[in-house]
Each structure stands twice: as structure tokens, then as C-alpha cells.
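S.K.: As given, the protein sequences belong to chains B and D, one line each in that order.
If you read the first sequence in our numbering, its first letter stands for residue 8, the second for the next number, and so on.
If you read the second sequence in our numbering, its first letter stands for residue 8, the second for the next number, and so on.
Honestly, the hints are just simulated from the structure, not real lab data.
None of these values were measured; they are calculated from a predicted model.
Some hints could be false.
Repeated chains share a single entry, so a pair holds when one copy, or any two copies, can fit it.
What the hints assert, rightly or not - Below, computed lysine-lysine pairings styled on DSSO-like, alpha-carbon distance capped at 30 Å:
hint, residue 1, residue 2
1, Lys-224, Lys-36
2, Lys-323, Lys-210
3, Lys-97, Lys-121
4, Lys-210, Lys-36
5, Lys-210, Lys-96
6, Lys-36, Lys-121
7, Lys-97, Lys-210
8, Lys-323, Lys-121
9, Lys-210, Lys-280
10, Lys-224, Lys-114
11, Lys-224, Lys-121
12, Lys-97, Lys-323
There are 2 protein chains.
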Amino acid sequence: MSHTAELIAVGTELLLGSIANTDAQTVSKALSALGINVYFHTVVGDNPQRLRQAVEIARGRADVIITTGGLGPTCDDLTKNVLAECFGKKLVYNEEAARRMEAYFRKLHPDSGKMTENNYQQAYLPEGCVPFQNDWGTAPGCGFEADGVHVLMLPGPPSECGPMLQHRAVPYLSGLTDGVIASRSLRLFGMGESSVEAQLREKMNSMRNPTLAPYAKEGEVELRLTARAETEDAALALIAPAERELRERFGPLVYGVDVPSLEAVCLTLLGEKALTLSAAESCTGGLLAKRVTDLPGASRVFKGGVVSYTNEVKEKALGVPAELLAQYGAVSAPVARAMARGVRALTGSDLALSVTGVAGPDSDERGNPVGLVYLALAWEGGEHVREIHAAGPRPRIRTVAASHGFDLLRRQLAGLPL
Amino acid sequence: MSHTAELIAVGTELLLGSIANTDAQTVSKALSALGINVYFHTVVGDNPQRLRQAVEIARGRADVIITTGGLGPTCDDLTKNVLAECFGKKLVYNEEAARRMEAYFRKLHPDSGKMTENNYQQAYLPEGCVPFQNDWGTAPGCGFEADGVHVLMLPGPPSECGPMLQHRAVPYLSGLTDGVIASRSLRLFGMGESSVEAQLREKMNSMRNPTLAPYAKEGEVELRLTARAETEDAALALIAPAERELRERFGPLVYGVDVPSLEAVCLTLLGEKALTLSAAESCTGGLLAKRVTDLPGASRVFKGGVVSYTNEVKEKALGVPAELLAQYGAVSAPVARAMARGVRALTGSDLALSVTGVAGPDSDERGNPVGLVYLALAWEGGEHVREIHAAGPRPRIRTVAASHGFDLLRRQLAGLPL
């Protein structure tokens with residue numbers, strides 16, 4: 008049986024533009040993977056009358072309603088009361104929810120006294136619901152069924168909504184659908200999203216089980232295969248041939264399956280091979296190092312690097328010869344090579360990446376165009392340079408340039424052509 | 008007269024979770040500054056029937072409807088047709104819109120031929136509307152009035168929606184409200200959002216003209232004063248005493264008015280004083296340099312820096328004495344000082360920032376807790392260290408640590424106490 012869900016985000020801060028409704032994206036993606044249709048998102052403020060109106064409209068056109076926000080301890084937090092009222096449910100005190108909140112509160116405020124009365128309000132949940140205990144914050148969520156509609160309530164802060172969705176709401180929703188859903192995400196780098204989509208459009212439209220959906224961002228493409236079957240193994244077996252076909256079609260462009268990012272793949276490969284990395288950056292100005300060190304555990308493989316934003320620093324910190332800079336200019340393949348060699352020598356790392364280019368908004372003093380970037384990878388006994396012409400505004404050029412660096416690195420580590 | 012607006016975002020990609028509805032945030036913030044209430048956001052897919060349904064609901068509860076998305080050249084792009092139909096407007100060919108599109112197309116594709124027939128569809132606009140010419144993409148938007156409702160259509164890509172809003176929709180909407188709106192945004196660093204709000208809550212609730220609204224993110228607070236008057240000067244005159252009062256109350260915590268970020272303020276101050284900067288980073292791993300070089304023109308004042316993720320690199324690239332590292336550990340005030348001095352000597356910059364700390368998820372080998380960070384600023388003849396205890400997950404600790412670095416720098420440059 009196919010389900011239709013509507014998302015209702017509750018919070019005046021969303022209507023004032025103080026924050027973006029990223030919860031809606033997180034929840035939508037999960038519902039799409041479960042094969043549940045989403046036709047509408049609604050955002051409403053901390054106002055009981057308008058929330059009631061939104062719920063009444065939603066129940067007329069969806070059989071799953073998922074709310075985010077408005078579960079906290081203040082008087083603004085009215086989601087539970089309004090939803091319980093709309094569906095004729097009493098709120099009852101949930102002892103376990105109260106104990107869990109107390110434990111969480113103690114962990115957060117070891118020196119402080121007891122929870123306030125307000126906090127205990129959060130332990131009241133609609134009668135007969137499945138409580139969603141919150142291990143990532145205080146406010147519990149819940150799921151219940153009434154009048155043929157499933158209502159799920161999740162907390163608003165994205166750091167709570169995400170894990171509550173994954174560990175509480177998704178298992179609840181999986182119970183509503185026949186069989187089991189499994190999905191696999193292939194991540195690609197090195198082909199534009201429109202080219203990938205053009206190659207796959209016909210195929211995507213004809214596929215039913217598994218389905219194939221592309222997601223594009225910042226020069227990367229994610230291809231998600233989702234299948235439904237009696238068991239997870241059977242669903243994965245349905246996915247396997249389609250995955251094989253995609254891997255054959257896109258070859259080394261596929262950098263991983265169910266991985267978070269190019270840099271995470273690099274970190275894993277470096278760790279497996281017990282190799283270390285360093286970076287010398289000009290136009291990316293620290294972004295490459297930042298992306299590596301965003302990841303916990305980076306310190307095991309990343310030694311550090313140099314942001315050489317002037318020729319002086321390129322010479323002094325990286326030992327790039329002045330003649331090279333004078334002859335070819337800072338944005339050139341020879342300088343990229345020298346930077347990579349230089350930072351490798353400085354840090355004693357096994358591999359070293361370098362980036363030098365024109366991020367814009369203006370071309371450089373030699374007239375090199377915005378978007379021209381040279382990347383070099385140096386290792387014991389070898390090096391390689393890649394020239395790219397990135398399009399778009401400055402932040403995109405920097406992001407794409409750093410990604411090309413990681414692409415060079417993962418190809419080298421995986422024994423693929425550079 | 009007070010207006011109520013509803014936002015309708017059109018795009019199946021929003022319902023699939025491929026992208027977040029950031030347009031809604033951008034538009035909401037602008038409407039709030041204009042004094043226009045927003046009670047609902049709706050997101051609907053590329054489906055004429057459901058879009059019609061969303062429009063019918065919206066016109067029953069708002070007198071301003073703003074759509075984003077669905078204005079492009081493909082058959083999925085149906086916003087204009089549906090809205091025109093709902094409000095009984097014919098679509099008529101707009102010669103100027105067509106010419107502008109051709110010009111934009113030529114600029115983007117100088118080597119290619121003519122626009123396709125599909126593209127010309129975008130030049131049809133509702134009869135009697137105010138066309139919103141699009142200088143940032145191809146699809147024009149528009150605004151019209153029918154049955155007492157103002158309908159505004161904006162393109163979906165954020166890079167077009169933002170400027171179209173600012174330069175086309177806001178002037179249109181300003182015409183609907185009595186008088187002129189002016190606003191000023193004070194940016195604060197160094198006090199938690201809840202403390203700022205607690206101090207101001209009573210005041211905020213009692214203020215009518217100007218109004219005061221706080222926006223918090225990543226350890227910073229923005230306080231926006233908005234006033235309405237006959238002229239802009241009169242509106243600014245209403246804001247002035249409130250701004251003065253806030254400045255007195257928060258003193259050096261206010262780092263700027265109508266400025267984009269702490270790092271932008273630093274860049275401006277450095278430029279004005281013709282001083283240069285470098286950075287030595289441990290736990291921020293390049294984030295500080297990245298934030299500086301996110302800004303166009305950074306190369307005029309930023310010389311570069313070192314990401315010293317290991318003690319080895321701290322010694323070799325920055326000249327931090329091995330004894331210092333052995334005695335105090337990498338996360339210590341003496342090492343922070345030595346790092347700042349070291350990168351200043353290496354790059355020859357006038358000022359140098361350093362950061363060393365524990366970003367987590369685990370405490371360091373000396374048992375220093377997650378969130379402990381030392382920042383140092385070195386200049387000709389002086390230096391200063393700040394110790395902070397940042398809370399939250401790894402990304403937040405890194406962001407807050409980098410912001411403290413910029414805070415030290417702008418205080419030193421502005422002659423404020425460190």
C-alpha cells in the first residue's frame with residue numbers, strides 16, 4: 008500500500024527567516040528512500056489556531072503527518088497539545104520519558120539541581136503512542152495512529168531531528184510499508200550533473216524496483232538506488248545488478264558507495280595504507296585542509312599544510328624557486344608541482360597535494376582567467392598535475408578545486424588512472 | 008495598512024529533499040524587515056493541480072502571495088501558467104523581456120546560436136503585470152494585483168532569487184506599505200544568544216517603531232532594528248536612539264553595523280591600516296584561513312599561514328621549541344604564543360593569529376577537555392593569549408574558535424580591550 012506524507016514544521020523563527028527549514032530536507036530524503044510520497048511541506052508559526060488549520064488541511068490530503076519543532080519546554084512549544092487535540096488523544100505522563108530526560112539533564116548540567124516543572128511537561132505524550140526516546144536532546148517525540156492517519160512528532164533542532172528520524176521515525180514508518188526498503192548511494196565525481204542525468208534519464212523513468220534518483224551538489228552527483236522486498240537481503244539483491252551496471256557505465260568516476268564525501272574516502276584509504284598527507288594551498292586558501300580536518304580522526308593521517316597566499320610565502324615556506332614564479336607565474340603547472348614537493352618536504356608526509364589558481368572575482372595579474380586551477384599530487388618517486396577550468400562564482404570554484412585535489416588523491420591511492 | 012504574505016515554493020526537488028528551501032528564508036527575512044507578516048510557507052511539487060490547491064488556500068488567508076521556482080523553460084515549469092489561470096490573467100508576450108533574455112543568453116553562450124523556442128516561453132507574462140527583469144539568469148519574474156491579492160513570482164535558483172528579491176520584489180512591496188522602511192543590523196560577538204535575548208526580551212516586546220529582532224547563529228547574535236516613516240531619513244532618525252542605546256549596553260561586543268561577518272570587519276580594518284595578516288592553525292585546521300580567503304580581495308592583506316596538525320610541523324614550519332611542546336603540551340598558552348610568533352616570522356606579516364585546542368570528539372592525550380582552545384595574536388612588540396571553553400559538537404567548536412581569533416584581531420585593530 009502506498010502512503011502519502013505531509014511535513015509540518017512548527018516555529019515562528021522559520022517564518023521570520025531566522026533559520027532555513029533544513030529538517031524538511033532531511034525528512035523528505037528519508038521518506039523518498041522509504042517509497043513514501045511527499046506532496047506538500049507546510050511551515051507554520053508558534054500559533055495554536057494556525058497550526059490546527061495546517062493539521063486539518065494536511066489530514067485531508069495525506070495519511071502520514073510528520074511534524075518538526077515545537078516540542079520543547081516553553082509555552083511556545085505547542086505541537087503536542089494541538090496534535091493530540093486534533094486527533095482526540097489525551098496526553099498522559101510517561102515515566103520512562105521523564106527518567107530519560109532526568110538522566111540527559113544530569114549529564115548536561117552535572118553541577119546544577121533538578122529539572123524545572125517546565126521540563127517535566129515534555130514527558131506528557133499522547134495516549135497509546137509509540138514514544139520516541141530522545142538520546143540527542145531532552146524533548147521526546149512520538150508516533151501514533153488515529154482515524155487512519157499516522158502522526159509522527161520530531162524535535163526541531165537539526166542535531167536532534169536527524170538522529171530521531173533515523174533511529175525512531177524510520178523504523179516506525181518501515182512498519183507501515185509492505186516488506187523492507189534498502190538503498191545504496193553511489194557517489195560520483197568528475198562528470199557534470201546534467202551529463203549524468205542526460206545519460207540516465209530514460210533509465211530512471213523506466214525503473215520501478217529498484218528506483219534510481221540523482222542528487223547533485225557542488226560538482227558532485229549522488230545516485231541513489233532504492234528497492235523494496237520481503238527482506239533486506241532480497242531488496243539488496245534487487246539493487247545489485249543495477250549498481251553493477253552503473254559502476255560499469257561510470258567506471259572510476261564512482262568514488263564510493265554509502266560514503267559521506269570524497270575527503271572521507273581519502274581519509275579511509277590513507278588510514279588503511281598507513282600513509283600521511285599534507286597540503287599547500289593558494290586559491291583554496293585553507294579550504295582543502297579545512298575539509299580534511301572537518302572529519303574526526305584526521306589527525307591520524309593529516310600532518311598539516313601551508314596556505315601560501317603570496318609568492319613570498321611560496322618561496323619561504325615551500326621553497327618554490329623565485330625563477331619559477333617569475334617565469335611561469337604563480338598559477339602554473341610548474342609552480343603547482345613545486346608547491347606539492349615543497350610541502351611534502353616540509354612536513355615529511357607520504358603524499359602532498361597542492362592547489363594554485365584563480366578563484367575570482369577578477370583574473371590574475373598575468374591575465375589568467377577566473378576558474379583556471381592547477382592541482383598537483385606528489386608522492387615518493389612521482390608526481391602528477393591536473394589542470395581544470397571551473398565555472399561559477401568564487402565559492403564554487405574553490406569547492407570544485409578542492410574536490411579535484413581529493414579526486415587525484417583517491418585515484419592514486421586506489422590505483423586508478425589519474 | 009498591514010499586509011500578510013504567504014510563500015509558495017514550487018519544485019519537486021524540494022519534496023524529494025534534493026535541496027533545502029533556502030529561498031523561503033531569504034524572502035521571509037526581507038518581508039519581516041518590510042513589516043509584512045508571514046504566517047505560512049508552503050512547498051508544492053511541479054504539479055498543476057496541487058499548485059492550484061496551494062494557491063487557493065493561500066489567497067484565502069493572505070493578501071500577498073510570493074512564489075519561488077517553476078519559471079524556467081521546461082515543461083515542468085508551470086508556476087506562471089497556474090497563477091495566471093487562478094487569477095484570471097492572460098499571458099502576453101513581453102518584447103523587452105525577450106530582448107533581455109537574448110542578451111543574457113549571448114553573454115553566457117557567445118559561441119552558440121540562438122535561443123530555443125522553449126526559452127521564448129519565458130517572455131510571456133501575465134497581462135498588466137510589473138515585469139521583474141532578471142539580470143542574474145534568464146527567467147523574468149513579475150508582480151501583479153488581482154482580486155485584492157498581490158502576486159509576486161521569483162525564480163527558484165538562490166543565486167537569482169536573492170537579487171531578484173532585493174532589486175525587484177522589495178521595491179514593489181515597499182510601494183504597498185505606507186512610507187518607507189529602513190533597517191540597521193548590529194552584529195555582536197562574545198555573548199551567548201540566550202543572554203542577549205534575556206537582556207532585551209522586555210524591550211523587544213515593548214518596541215513598535217523601530218522594532219527589534221534578534222537572529223542568532225554559531226555563537227554570534229545579530230540585532231535588527233527596523234523602522235517605518237515618511238522618508239528614509241526619518242526612519243533612520245527613529246532607529247538612531249535605539250541603536251545608540253544598544254551600543255551603550257553591549258559596548259565592544261558590537262563589532263559592526265550592516266556588515267557581513269567578523270572576518271569581513273577584520274579585512275576592512277586591515278585594508279584601512281595597510282596591515283597584513285597570517286595564521287597558524289591547529290584545531291581549526293585551515294578554517295580560519297578559509298574564512299578569510301572566502302572574501303574577495305583577501306589577497307591584499309592575507310599572506311597565508313600554516314596548518315600545523317602535528318607537533319613536528321609546529322616545530323619545523325613554525326619554530327615552536329620542542330621543549331615547550333614537551334613541557335606544556337600542544338594545547339597550551341605558551342605554544343599558542345610561539346605559533347603566532349612563528350607564523351609571523353615565517354610570513355613577515357604585521358599581525359599573526361594562532362589557534363590550538365581540542366575540537367573533539369575526544370579529549371587529547373594530556374586529558375585536556377573537548378572545547379578547550381588557546382588563541383594568540385602577535386604583533387610588532389606585543390602579543391596576547393585568550394583561553395576559551397567552547398561547547399557543542401566538533402564543527403561548532405571549530406567555528407567558535409576561529410571567530411574568537413577574528414574577535415581578538417578586530418579588537419586589537421580597533422583599539423579595544425582584548
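S.K.: Hint by hint, note whether the structure agrees.
M.R.: So, going through the hints one by one against the coordinates:
1. Lys-224 - Lys-36: Result: close both inside a copy and across copies, 15 Å intra and 25 Å inter.
2. Lys-323 - Lys-210: neither (54 Å within a copy, 55 Å between copies)
3. Lys-97 - Lys-121: Within one copy only: 27 Å inside, 65 Å across.
4. Lys-210 - Lys-36: For Lys-210 and Lys-36, the Cα distance is within 30 Å only inside one copy (21 Å; across copies 41 Å).
5. Lys-210 - Lys-96: neither (46 Å within a copy, 39 Å between copies)
6. Lys-36 - Lys-121: neither (38 Å within a copy, 38 Å between copies)
7. Lys-97 - Lys-210: Classified as neither: same-chain Cα gap 49 Å, cross-chain 38 Å, threshold 30 Å.
8. Lys-323 - Lys-121: neither (58 Å within a copy, 51 Å between copies)
9. Lys-210 - Lys-280: neither (38 Å within a copy, 60 Å between copies)
10. Lys-224 - Lys-114: between (38 Å within a copy, 24 Å between copies)
11. Lys-224 - Lys-121: between (46 Å within a copy, 29 Å between copies)
12. Lys-97 - Lys-323: Cα proximity of Lys-97 and Lys-323: none, with 72 Å in one copy and 67 Å across.
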